[in-house]
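From first to last, the protein sequence lines are chains A and B. With numbering that gives the first Met the number 0, you'll find the first sequence wraps up at 255, consecutive numbering, no jumps. With numbering that gives the first Met the number 0, you'll find the second sequence wraps up at 255, consecutive numbering, no jumps.
Do not take every clue at face value.
To be verified - Subject to a maximum C-alpha distance of 30 Å in a straight line, what follows is the list of computed DSSO-like cross-link-like pairs (lysine-lysine):
| # | chain 1 | residue 1 | chain 2 | residue 2 |
| --- | --- | --- | --- | --- |
| 1 | B | Lys197 | A | Lys67 |
| 2 | A | Lys3 | B | Lys251 |
| 3 | B | Lys199 | A | Lys60 |
| 4 | A | Lys90 | B | Lys216 |
| 5 | B | Lys153 | A | Lys251 |
| 6 | A | Lys248 | B | Lys153 |
| 7 | B | Lys248 | A | Lys153 |
| 8 | A | Lys172 | B | Lys67 |
| 9 | B | Lys194 | A | Lys248 |
| 10 | A | Lys216 | B | Lys251 |
| 11 | B | Lys194 | A | Lys60 |
| 12 | A | Lys90 | B | Lys179 |
| 13 | B | Lys145 | A | Lys251 |
| 14 | B | Lys174 | B | Lys145 |
| 15 | A | Lys153 | B | Lys199 |
| 16 | B | Lys197 | A | Lys60 |
| 17 | B | Lys204 | A | Lys90 |
| 18 | A | Lys204 | B | Lys67 |
The hints are simulated quantities; they were obtained by calculation from the structure and are not laboratory data. In this text, all values refer to a predicted model and were calculated from it rather than measured experimentally.
Protein chains: 2
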Amino acid sequence: MPEKPLILVTNDDGISAPGIRTLISAMNEIGDVVVVAPDSPQSAMGHAITINSTLHCNAIKIDNGPQKEYSCSGTPADCVKLGINEILDRKPDLCVSGVNHGSNSSINVIYSGTMSAAVEASIEGIPAIGFSLLDYSWEADFETIKEYIISITKKALNNGIPMGNALNINFPKLKGKNIKGIKICRQANAYWVEKFDKRKNPQGKEYFWLTGEFINKDKGEDSDEWALANGFISIVPVKFDMTDHENIKTLKNWGF
Amino acid sequence: MPEKPLILVTNDDGISAPGIRTLISAMNEIGDVVVVAPDSPQSAMGHAITINSTLHCNAIKIDNGPQKEYSCSGTPADCVKLGINEILDRKPDLCVSGVNHGSNSSINVIYSGTMSAAVEASIEGIPAIGFSLLDYSWEADFETIKEYIISITKKALNNGIPMGNALNINFPKLKGKNIKGIKICRQANAYWVEKFDKRKNPQGKEYFWLTGEFINKDKGEDSDEWALANGFISIVPVKFDMTDHENIKTLKNWGF
Chain A
0 MPEKPLILVT
10 NDDGISAPGI
20 RTLISAMNEI
30 GDVVVVAPDS
40 PQSAMGHAIT
50 INSTLHCNAI
60 KIDNGPQKEY
70 SCSGTPADCV
80 KLGINEILDR
90 KPDLCVSGVN
100 HGSNSSINVI
110 YSGTMSAAVE
120 ASIEGIPAIG
130 FSLLDYSWEA
140 DFETIKEYII
150 SITKKALNNG
160 IPMGNALNIN
170 FPKLKGKNIK
180 GIKICRQANA
190 YWVEKFDKRK
200 NPQGKEYFWL
210 TGEFINKDKG
220 EDSDEWALAN
230 GFISIVPVKF
240 DMTDHENIKT
250 LKNWGF
Chain B
0 MPEKPLILVT
10 NDDGISAPGI
20 RTLISAMNEI
30 GDVVVVAPDS
40 PQSAMGHAIT
50 INSTLHCNAI
60 KIDNGPQKEY
70 SCSGTPADCV
80 KLGINEILDR
90 KPDLCVSGVN
100 HGSNSSINVI
110 YSGTMSAAVE
120 ASIEGIPAIG
130 FSLLDYSWEA
140 DFETIKEYII
150 SITKKALNNG
160 IPMGNALNIN
170 FPKLKGKNIK
180 GIKICRQANA
190 YWVEKFDKRK
200 NPQGKEYFWL
210 TGEFINKDKG
220 EDSDEWALAN
230 GFISIVPVKF
240 DMTDHENIKT
250 LKNWGF
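Turn these sequences into a full structure, and let the hints steer you where they fit.
Here it is as structure tokens:
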């Protein structure tokens, strides 16, 4: 790695969200920063990519930092693909995504645009980290976790994120000084019970809003939900191989 | 299970796509079928869900089959959530998604709307299968694989898909009689090298189309790519736990 690492920054809340502005400011203390982020919020986009419509990308300047910034019309995964293949002139040393406004722990990882960007980078062989804060508010206090973001990122660069992994890092909604520490975790086995809010439009036609309740029956103290509920930052190594290797044997017994 | 299983059918190519029409016809031979599928193509939507806009759902009739059908404005994952929570009056015994027009083998599983629907069902505790045919054409011959779809689905219902798994089933582009058999596989370690086609609009502004080349360096004969290239149907058990459990130990050595 050259003395100053090249860092690609993206997110799913959009390029002007407070979370990414904190992340950019933190990364400026570590390396040369290029931001390629969505021009509008892309939450819950999962690993969507844009194949049936065009993508636009514009250089912009939002603050006085040394970073270069590009605002793009696509999804978080599109931004990573565009950043790596069109905008950067060399492969970045790291891709960071976030800081997401709200949790991406446990099953949320699968719906998360923030984590899809990090996973996309890992697929392309680039060390990647997604950061999320358990506070949906636009006024959330990101400044309080900035030092943690810097120290964790430096540790990741020094140790090397295992090839094919992206780190899913969630912060509890606590002042930095009240955070108890950092736990390496597995994704909790939790899920959402959907509730659709059924309404009628002014013309009397029915429509739905998706809402839901988060259910965590996982009591394991090695899970991300446990860590966060107990005041720790959670780090889960996430991989893009979705095969359930243990069940291959089970299926082989079906006798095809 | 009651004598006739209740089967929820969805896809990502839209409710009128030839692939889902074949799948509906096949499922009518096995159980009571309810279709809840997107009203427009949703390919490459990954695990996107709709949280910042409304969802619409209309009962429709497309052919003379016995199934009930609903056309929805959302993503494939939305369709599954709506189907299970709003449309069906009991939990389905099975959710099938597809038949996708094009491959969802190896890394494509992560971008696939077809598989996101199946994975969503598995998160909700419902046995699920995604079917895909390696032929992007709208005129693809789905009829030739219909008997395979029926026999595999019956086998899955009889044996029970392992809890938390969705089956990712891909068919080679071959006449049914030329298919060599069925292989239980792991996801091949393959990826896309993106190429963005850069163009200018009539006003001279630059825009991009995402294209790419599929690279498979995985030589393993236990991978889905190997099975498909050699004339077999591939079945991969897919899980929604994205934790790389083996690397938890590695990260613990970082000394947080």
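Status of each hint after checking the structure:
Taking the CA atoms of Lys197(B) and Lys67(A), the gap is about 21 Å. The hint holds against a cut of 30 Å. Only pairs whose Cα atoms come within 30 Å are accepted, and Lys3(A) paired with Lys251(B) is accepted, the gap being roughly 26 Å. Among the hinted pairs, Lys199(B) with Lys60(A) is consistent with the structure: their alpha-carbon atoms are about 23 Å apart, no more than 30 Å. Restraint check for Lys90(A) and Lys216(B): the C-alpha separation of about 20 Å stays at or below 30 Å, so the hint holds.
Distance check on the hinted pair: Lys153(B) and Lys251(A) sit about 16 Å apart at the alpha-carbon level, within 30 Å; holds. Of the pairs offered as hints, the one joining Lys248(A) and Lys153(B) holds, with about 19 Å between alpha carbons and a cut-off of 30 Å not exceeded. Restraint check: the Cα-Cα separation between Lys248(B) and Lys153(A) comes to about 19 Å, which is no more than 30 Å; the hinted pair holds. A distance of roughly 46 Å separates the Cα atoms of Lys172(A) and Lys67(B); the hinted pair therefore is violated under the 30 Å criterion.
For the hint linking Lys194(B) to Lys248(A), the alpha-carbon distance of about 38 Å lies beyond 30 Å, and the restraint is violated. A distance of roughly 25 Å separates the Cα atoms of Lys216(A) and Lys251(B); the hinted pair therefore holds under the 30 Å criterion. A threshold of 30 Å between alpha carbons decides the hint, and for Lys194(B) with Lys60(A) the separation of about 27 Å falls inside it, so the pair holds. For a cut-off of 30 Å, the pair hint linking Lys90(A) to Lys179(B) is broken: about 42 Å separates their Cα positions.
For the hint linking Lys145(B) to Lys251(A), the alpha-carbon distance of about 22 Å falls within 30 Å, and the restraint holds. Our distance criterion of 30 Å between C-alpha atoms is met by Lys174(B) and Lys145(B), whose separation comes to about 11 Å. Simply put, Lys153(A) and Lys199(B) have alpha-carbon atoms about 40 Å apart, too far for the 30 Å limit, and the pair is violated. Taking the CA atoms of Lys197(B) and Lys60(A), the gap is near 23 Å; set against the 30 Å cutoff, the hint holds.
Note on Lys204(B) and Lys90(A): the hinted pairing holds, with a Cα-Cα distance of about 26 Å set against a maximum of 30 Å. A threshold of 30 Å between alpha carbons decides the hint, and for Lys204(A) with Lys67(B) the separation of about 20 Å falls inside it, so the pair holds.
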